[in-house]
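Asker: Sequence:
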Amino acid sequence: MIGAIALLLVCQLAGEAVHRLTGLPLPGSVIGMVLLLAWLALVPRERLTLTQVTGWLTAHLSIMFVPAAVGLMEEGAILSRYGLGILVAVVVSTLLTLAVTALVFRAVAGREPENEEGAS
Numbered sequence: 060m061i062g063a064i065a066l067l068l069v070c071q072l073a074g075e076a077v078h079r080l081t082g083l084p085l086p087g088s089v090i091g092m093v094l095l096l097a098w099l100a101l102v103p104r105e106r107l108t109l110t111q112v113t114g115w116l117t118a119h120l121s122i123m124f125v126p127a128a129v130g131l132m133e134e135g136a137i138l139s140r141y142g143l144g145i146l147v148a149v150v151v152s153t154l155l156t157l158a159v160t161a162l163v164f165r166a167v168a169g170r171e172p173e174n175e176e177g178a179s
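Quick note: the sequence shown, position 38, residue 97 per the numbering used here, numbers continuous.
Hint data in this document are derived by calculation from the structure and do not stem from the laboratory. Be aware that a few hints might be false.
DEER-style ranges, computed between Cβ atoms [claimed, not checked]:
#1 GLY144 to ARG106: 40 to 48 Å
#2 MET132 to VAL93: 33 to 41 Å
#3 ALA128 to ALA76: 48 to 56 Å
#4 ILE137 to GLY169: 31 to 39 Å
#5 ILE137 to THR160: 40 to 48 Å
Quick reminder that beta carbons are idealized off the backbone N, C-alpha and C, glycines included.
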């Protein structure tokens, strides 16, 4: 189990290092995830242990949000001043994202693939 946690952390650290050294326009955590995917493709025996560790981490995910919640509580003055604007921005951007996603889905789902055999 410690080895699987170490693998997760090493991949994230390697991703951050690649991001900082190369200046790739991807977050280090995304690069680390790609490195983890490559590692799992090369060493499939790690999958079972990693599945157990990620299941445990996911089960305790709510604990990981405690620092963010405490950070929000400490920013009470800023939130009281700009909270309404932040709330409006979040709601509007969420609604726009949902609308664009629905429109793109309808446009793509409405297309029928061309039949190459009966084209003559």
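Asker: Look at each hint and say if it fits the structure.
Answerer: Hint-by-hint comparison with the structure:
no.	hint	verdict
1	GLY144 to ARG106: 40 to 48 Å	holds (45 Å)
2	MET132 to VAL93: 33 to 41 Å	holds (35 Å)
3	ALA128 to ALA76: 48 to 56 Å	violated (30 Å)
4	ILE137 to GLY169: 31 to 39 Å	violated (45 Å)
5	ILE137 to THR160: 40 to 48 Å	violated (31 Å)
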